[in-house]
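Chains as they are written, first to last, in UniProt numbering: chain A, 1 to 364; chain B, 1 to 364.
Be aware that a few hints might be false.
Heads up, the list lumps identical chains together, so a pair's fine if it works in one copy or across two of them.
Straight line, CA to CA, 20 Å or less: simulated EDC-like cross-link-like pairs of lysine to aspartate or glutamate [to be verified]:
no.	residue 1	residue 2
1	LYS51	GLU72
2	LYS51	GLU62
3	LYS323	GLU97
4	LYS323	ASP99
5	LYS323	ASP112
6	LYS51	GLU41
7	LYS51	ASP138
The set of hints was computed from the structure by calculation and includes no laboratory data.
Listed below, chain by chain, are the residues.
2 protein chains.
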Amino acid sequence: MAARTTRGDAPTEAGAPGAPAVAAAHAGPAAPATIASIAAEAGVSIPTVSKVLNGRPDVAPETRSRIEEMLERHQYRRRRQRPTSAGQPLIDLAFHELDSAWSIEIIRGVEDAAAAAGVGVVLSELGGVHRPPQEWLDAALARRPLGVLLVLSNLDASQRHQLESRSIPFVVVDTAGEPPEDVPTVGSNNWNGGLSATRHLLALGHRRVAVISGPSDVLCSRARVDGYRSAHDEAGVPLDPSLTRYGDFYVDGGYEHGLALLSRPDRPSAIFAGSDMQALGVLRAARELGLRVPEDLSVVGYDNLPLTEWIGPALTTVNQPLKEMAGTATRMLISLARGESIPNRRIDLATSLVVRESTARWEG
Amino acid sequence: MAARTTRGDAPTEAGAPGAPAVAAAHAGPAAPATIASIAAEAGVSIPTVSKVLNGRPDVAPETRSRIEEMLERHQYRRRRQRPTSAGQPLIDLAFHELDSAWSIEIIRGVEDAAAAAGVGVVLSELGGVHRPPQEWLDAALARRPLGVLLVLSNLDASQRHQLESRSIPFVVVDTAGEPPEDVPTVGSNNWNGGLSATRHLLALGHRRVAVISGPSDVLCSRARVDGYRSAHDEAGVPLDPSLTRYGDFYVDGGYEHGLALLSRPDRPSAIFAGSDMQALGVLRAARELGLRVPEDLSVVGYDNLPLTEWIGPALTTVNQPLKEMAGTATRMLISLARGESIPNRRIDLATSLVVRESTARWEG
Chain A
1 MAARTTRGDA
11 PTEAGAPGAP
21 AVAAAHAGPA
31 APATIASIAA
41 EAGVSIPTVS
51 KVLNGRPDVA
61 PETRSRIEEM
71 LERHQYRRRR
81 QRPTSAGQPL
91 IDLAFHELDS
101 AWSIEIIRGV
111 EDAAAAAGVG
121 VVLSELGGVH
131 RPPQEWLDAA
141 LARRPLGVLL
151 VLSNLDASQR
161 HQLESRSIPF
171 VVVDTAGEPP
181 EDVPTVGSNN
191 WNGGLSATRH
201 LLALGHRRVA
211 VISGPSDVLC
221 SRARVDGYRS
231 AHDEAGVPLD
241 PSLTRYGDFY
251 VDGGYEHGLA
261 LLSRPDRPSA
271 IFAGSDMQAL
281 GVLRAARELG
291 LRVPEDLSVV
301 GYDNLPLTEW
311 IGPALTTVNQ
321 PLKEMAGTAT
331 RMLISLARGE
341 SIPNRRIDLA
351 TSLVVRESTA
361 RWEG
Chain B
1 MAARTTRGDA
11 PTEAGAPGAP
21 AVAAAHAGPA
31 APATIASIAA
41 EAGVSIPTVS
51 KVLNGRPDVA
61 PETRSRIEEM
71 LERHQYRRRR
81 QRPTSAGQPL
91 IDLAFHELDS
101 AWSIEIIRGV
111 EDAAAAAGVG
121 VVLSELGGVH
131 RPPQEWLDAA
141 LARRPLGVLL
151 VLSNLDASQR
161 HQLESRSIPF
171 VVVDTAGEPP
181 EDVPTVGSNN
191 WNGGLSATRH
201 LLALGHRRVA
211 VISGPSDVLC
221 SRARVDGYRS
231 AHDEAGVPLD
241 PSLTRYGDFY
251 VDGGYEHGLA
261 LLSRPDRPSA
271 IFAGSDMQAL
281 GVLRAARELG
291 LRVPEDLSVV
301 GYDNLPLTEW
311 IGPALTTVNQ
321 PLKEMAGTAT
331 RMLISLARGE
341 SIPNRRIDLA
351 TSLVVRESTA
361 RWEG
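Between the sequences and the hints, there should be enough to build the whole structure, so can you do that?
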């Protein structure tokens with residue numbers, strides 16, 4: 001049977017419409033792949049193919065990967081099935097890592113939207129890895145979730161196909177700013193966030209503004225730094241490249257870069273941090289160096305975590321609407337699972353600046 | 001058939017051992033209740049009883065409550081069944097409310113312990129109510145979880161019985177200090193927490209120490225206040241009852257009580273807050289009144305959330321090992337689901353004081 005690679009006429013299980021009327025001449029009017037045809041081609045029994053589709057572990061690894069390869073080559077698509085559990089349908093929510101206040105905002109957004117739709121949520125942490133381990137995916141396949149929601153994780157091509165062949169939709173809550181192509185995602189406008197934070201500082205009179213962003217290989221970090229640069233261009237303020245730092249998004253990153261930047265004789269009068277946690281680290285570095293915020297140093301965070309309005313000084317920050325992003329992604333996933341068409345496969349929610357106490361006019 | 005009320009000889013589904021050799025004279029050697037005997041007594045079909053057991057919604061409410069009542073009266077116990085989903089077993093984790101940094105510590109503890117046992121976690125938020133709604137319980141029954149883990153939620157007697165009759169174990173992560181009787185719980189020693197926080201402040205020379213605890217009808221609040229009182233008794237320091245305040249555990253509670261206490265002419269020199277979030281509120285109140293921490297005011301929090309070491313000043317706090325409590329409860333639940341006996345049905349993990357920057361010697 002000829003390999004089929006076009007996405008538009010993906011064959012489905014028996015009962016789907018026959019071959020398209022106009023078939024490519026070189027391929028011939030191939031019949032859609034079925035469990036039976038896959039089993040015959042692989043030289044295994046139909047139940048073996050079925051076991052693989054259901055994520056059951058009792059299939060030899062070699063057999064399994066051969067069957068997966070055929071499912072992919074024939075663009076096999078199982079018809080959507082009822083979840084095996086008689087009751088409430090489930091979605092899978094997977095984080096590459098659960099960390100403190102940031103994750104809970106996303107969890108709350110998912111819980112609210114799922115509960116409103118009568119859907120349960122299975123929560124997994126992938127142990128800090130960005131590519132979900134196969135055991136996690138097998139467990140998810142076996143429970144036949146309505147769909148899969150990923151936070152800061154990316155499926156590889158083979159894993160994507162495993163979900164596609166079981167007709168399990170997936171959506172990415174894209175906090176990294178780098179949506180995998182063709183995958184429905186909900187993100188936020190990171191470039192705008194960087195722009196508005198920096199405009200605010202420049203408008204206050206700051207001329208030496210540093211940025212501590214997340215890792216340089218995470219796209220959202222670069223987008224925020226580009227927004228920071230554009231604000232400088234716009235205002236005609238020259239950039240000092242030594243004031244741009246990349247670190248991780250956690251407190252320590254902000255603390256260490258903050259100490260380094262603020263110990264310089266030509267220290268910046270303002271720091272735009274890539275996350276609220278980093279901003280906490282910057283505030284701590286300032287305290288240790290005896291610098292008052294905002295009198296001696298203005299600080300802007302990113303995320304608008306609930307705690308930021310309570311710390312001292314209350315933090316000026318960019319509101320990244322994590323809860324709303326998660327809720328939107330959940331509703332998108334449930335729509336896809338119901339076979340509804342979604343008008344946009346890539347949605348960015350707007351960021352906005354929340355001005356509090358950690359920024360002030362600079363007369364320097 | 002005579003009602004059976006003793007717990008020790010709870011009858012099980014057909015196939016269980018027969019009636020005990022020595023039966024109470026008034027009851028006679030009654031046969032264990034079965035789905036068939038319940039159906040016959042209720043005048044319904046066997047599948048109807050089965051539907052009720054499986055949490056299926058398509059049974060008339062009146063019929064359903066009649067059957068539940070009979071299941072309870074006969075102390076019916078279904079033999080433990082395999083989960084319906086072919087794959088990974090699941091536990092249900094239910095919070096009465098998901099709030100910020102506090103909840104995520106518990107979620108992380110559950111995730112770690114569940115992942116280590118190859119068990120998935122279904123997370124639910126009960127919308128702020130302490131008694132789980134029936135819809136949530138029905139959904140849980142229908143997916144036949146290995147077990148149910150509750151955080152700050154209590155099942156009523158009927159809901160407990162619904163789980164018991166399906167042989168689904170449940171464990172409470174008891175952050176409230178009030179374990180339902182007979183229910184396996186993991187808590188922490190709140191009285192000791194209050195004692196050690198207050199001893200620390202008294203040893204620093206403070207003689208007017210206020211306490212802002214959680215709601216007075218939550219037992220852990222009262223236990224912490226009693227520890228506070230005992231520390232005063234022990235040190236021979238008289239108590240001013242007007243320095244004991246009960247509020248909620250959130251930032252606002254600490255802020256409002258903090259403002260009231262610190263505006264008094266005879267203001268306290270130290271405040272022991274019932275949670276780290278309350279302590280954040282107290283710190284804010286102090287800032288607004290121009291009081292320096294720790295020079296003018298010492299503050300102790302409770303919980304040791306990760307952020308407390310980063311705020312300024314870093315918070316002296318009582319470590320409530322939320323992550324470990326959740327992990328211990330999860331392992332206990334999985335043991336119960338496996339039919340293993342657990343040596344202790346009530347475990348309190350130790351609290352400990354973590355001294356940081358928000359407390360100092362008082363020379364007043």
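The hints, checked one at a time:
Taking the closest pair of Cα atoms, LYS51 and GLU72 come within 20 Å of each other only inside a single copy of the chain (16 Å); across copies the shortest separation is 39 Å, beyond that limit. With identical chains, the CA atoms of LYS51 and GLU62 are at most 20 Å apart within one copy only, with a shortest distance of 14 Å there and 41 Å across copies. Taking the shortest Cα distances, LYS323 and GLU97 sit within 20 Å of each other both inside one copy (17 Å) and across copies (15 Å). Within a single copy, LYS323 and ASP99 get their C-alpha atoms as close as 15 Å, and across copies as close as 12 Å, so both meet the 20 Å cut-off.
When the C-alpha separation of LYS323 and ASP112 is checked against a cutoff of 20 Å, the pair qualifies only within one copy, where the shortest distance is 9 Å, while the shortest distance between copies is 24 Å. In this assembly of identical chains, LYS51 and GLU41 lie within 20 Å of each other by CA distance solely inside one copy; the values are 16 Å within and 42 Å between copies. When the C-alpha separation of LYS51 and ASP138 is checked against a cutoff of 20 Å, the pair qualifies only within one copy, where the shortest distance is 11 Å, while the shortest distance between copies is 29 Å.
This entry satisfies every hint, going by the numbered hints stated previously.
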